[in-house]
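**Student:** Numbering (numbering that gives the first Met the number 0), first residue to last: 0 to 475.
What the hints contain is simulated information worked out from the structure, not anything from laboratory work.
What you were told as hints is all true, and nothing was included just to trick you.
Pair by pair, the computed Cβ-Cβ distance ranges are: (1) Ser287 <-> Lys401: 52 to 62 Å; (2) Ser333 <-> Glu166: 58 to 68 Å; (3) Glu416 <-> Leu68: 41 to 51 Å; (4) Arg87 <-> Ile121: 30 to 40 Å; (5) Lys414 <-> Arg307: 56 to 66 Å; (6) Lys257 <-> Glu367: 30 to 40 Å; (7) Thr312 <-> Gly434: 45 to 55 Å; (8) Gly291 <-> Lys56: 42 to 52 Å; (9) Leu68 <-> Lys257: 15 to 25 Å; (10) Glu464 <-> Ser333: 21 to 31 Å; (11) Pro363 <-> Asp343: 11 to 21 Å; (12) Tyr231 <-> Arg330: 40 to 50 Å; (13) Gly291 <-> Arg122: 45 to 55 Å.
The list that follows gives simulated cross-link-like pairs (lysine-lysine, BS3-like), each with its CA atoms no further than 27 Å apart: (14) Lys130 <-> Lys160; (15) Lys387 <-> Lys346; (16) Lys331 <-> Lys360; (17) Lys462 <-> Lys421; (18) Lys401 <-> Lys414; (19) Lys351 <-> Lys331; (20) Lys292 <-> Lys67; (21) Lys37 <-> Lys292; (22) Lys397 <-> Lys447; (23) Lys447 <-> Lys427; (24) Lys402 <-> Lys414; (25) Lys421 <-> Lys401; (26) Lys360 <-> Lys447; (27) Lys448 <-> Lys462; (28) Lys462 <-> Lys387; (29) Lys360 <-> Lys338.
Beta carbons are placed, not taken as given, at the ideal position from N, Cα and C, and that holds for glycine.
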Amino acid sequence: MTQNQKEVRTRIAPSPTGYDLHVGSVAVALMNYAWAKKHSGKFIVRIEDTDRKRVVKGAETRILKTLKLIGLSADESPLVGGPFGPYRQSERLEIYHHYAQILIKKNFAYYCICAPERLDKIRKEQLSKKKPPRYDRHCLINQETVTKKIKTGIPYVIRLKVPSNQEIFINDLVRGRIVFKSDDLDDQILIKSDGFPTYHLAVVVDDHLMKINYVIRGEEWLSSTPKHIILYQAFSWSLPFFAHVPLLRNPDRSKLSKRNNPVWVSFYLQQGIIPEALLNYLSLMGWSHPSGKEIFSLEEYVSVFDLRDIQKTAPVFDPVKLEWMSGEYIRKLSSNQIKSMILDFFKNYQNKNLPEPLIEKTIPLIKERIKKLSDYGDYCQFFFSRPKEYELDLSDKKELLKKIFHELKSISDWKSEIISRKMTELAKSNQLNTGEIFMILRVLITGKKVSPPISESLVILGKEESLKRIEACGIS
RNA sequence: GCUCUCAUCGUCUAGUGGCCAAGGACGACAGGUUCUCAACCUGUAAAUCGCGGGUUCGAAUCCCGCUGAGAGCACCA
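Make a model of the complete structure from these sequences and hints.
**Tutor:** Written out as C-alpha cells, the structure reads:
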C-alpha cells in the first residue's frame with residue numbers, strides 16, 4: 000500500500016440551502032477536521048448543490064467564508080481547489096452520468112418514466128395499508144418499452160435496483176455493527192429528471208473519486224447508508240469507514256432547527272461570540288476531553304480527539320454555556336488582543352469605526368465583564384455619547400447633585416482613587432451609604448444602573464466631560 | 001405505520017463488573033469580596049444511573065423485555 004492510499008481523508012459536504020453554515024455542521028466539521036489533522040491527512044470541503052430548487056443565493060460564499068472565520072481551513076475545496084476537483088457537485092454532472100451508465104450496464108440500475116402523480120398514488124395506497132412506501136418497479140418490468148420511450152425525449156429518472164433478500168452490514172465506528180435488510184429499501188432515484196444526481200449517487204461517486212476513507216457525518220444519514228453500501232458494492236469499490244455522530248438537539252430534544260434556536264454560525268459571530276470558544280464548546284457535544292478539561296485549543300483537541308470516544312447520545316445545544324465559554328476566552332486574551340477584536344467586530348458587524356485610544360483605555364474596565372464582543376456596546380456606549388435617558392429619577396436630588404458637582408470640580412488631581420475617596424467622604428458627611436452616592440454618580444454619567452467601575456470611567460471621560468454631564472442634569 | 005438508533009443531576013458529561021451510598025462543568029441558590037454589574041473565592045440543592053426482570057459473591061457498567069425519546073422512510077440534502 001502506498002503512502003497516498005493510507006492517507007486519512009475526510010470531508011464535509013454542506014449544501015447551500017440555508018442562510019449560512021449550521022452549527023450542527025460545524026460540530027461535524029470539527030470531528031472531520033480533527034480526525035484528518037490528527038493523522039496528518041486531508042480535510043476536504045465539497046459543496047453539494049444538486050438540488051437546484053433549494054439553492055440559496057450567496058449561501059455557498061457565506062458557508063466558505065464562515066469556515067474560514069472559525070479557523071477550519073480546508074486542504075481541498077471549491078476555493079483552494081485540489082487534485083480531485085471540481086469540488087462543487089453542480090460542476091460534476093458528466094461524472095455522475097458516466098457512473099450511472101455503468102450501473103445500468105451492470106444491471107444495478109434502471110430507467111423509470113413514472114409520472115410523479117402515479118408515484119404519489121401508489122405511495123398513498125401503501126401508506127393507507129400501513130406499509131412502508133416503496134416504488135413498485137413498474138418500469139423495471141417494462142424496461143424495453145421504457146428505453147424506447149426515452150429515446151422519443153420524454154423525461155426519465157434512473158433508479159437503483161436494490162438487490163433482494165440481502166443483509167447489509169454497517170460497521171459504524173461510533174455505533175458498532177448494524178444490520179439492514181435490503182428488502183426494506185426503496186429503489187432510490189439516482190439521477191433526477193432534471194439530469195442532476197440525488198445525494199445518494201453523488202455522495203458515493205464523489206467520496207470514492209476524492210478518496211475519502213472516513214465518512215464522518217450526522218446520524219440522520221444512518222438509515223440511508225445501506226443504499227450507499229449497495230452502490231459501493233455495485234461499483235466494486237472499497238468501503239470507507241463510517242462514523243455516524245450524534246445530532247445536536249433543541250431543548251425539546253428534536254433535531255436542532257432554526258425554529259427553536261438560532262442555528263446559523265453567523266448569528267453567533269454577529270453576537271461577538273469568540274470563534275475559538277464556539278469550536279471549543281461544540282467539541283464538547285458528544286465528546287469530552289480525556290482529562291476532563293473543558294477549555295482547550297483546537298490544536299490540543301486535534302491531538303487528543305478519537306472517533307472511538309464519541310458518545311452515542313444526542314446532546315442538547317446550550318447557548319448559555321457557549322456564552323460562558325466565550326467569556327472565558329475573552330478573559331484569557333491580552334488587552335491588546337481584545338482591543339483589536341473589538342475594533343474589528345464593530346467595524347465588520349456594526350459598521351462603526353471606534354476610536355482606538357479610547358477603546359484601549361476602557362479594556363481593563365470591561366475585560367472581566369463581557370462574554371461576547373457585542374456586550375462591549377452595552378457597557379461602554381456612554382463613553383461615546385451622553386446618556387439620552389436615565390434609569391433613575393434624580394429630579395428630587397438636586398441638592399445632592401450640586402454637592403457632587405462641586406466636590407468633583409474641586410479635585411485637581413483627576414485620579415480614580417481620589418474621586419472614590421472624595422465620594423466616600425461626601426457620602427459620610429451626608430449620612431448616605433457609599434453605594435448610594437456611587438449609584439447616583441453612575442446614573443448621572445452613564446444613564447444606567449449597571450456600568451463599569453464609575454471612578455475609573457470618570458477618569459477616562461475626563462474632568463471636563465464628567466462635569467458637563469452633571470450639569471446636563473440641571474445643575475449650575 | 002415500518003426500519004434503525006439512543007437512554008447517568010435542568011443542560012453538557014465522567015464512568016467499560018468492585019476505587020460510585022455516582023465525580024466534574026454550565027446554570028440555579030446562599031455567603032464572602034465590592035461603588036453597580038461582572039470577575040474571583042466558599043458553600044448548598046440537584047441523577048433511587050428510564051422501568052422491570054435476569055447473570056454475578058458484587059451491575060450505572062453484561063443479557064432480555066418494556067417504556068420513552070430521536071432519526072430516516074422524497075425526482076431534499
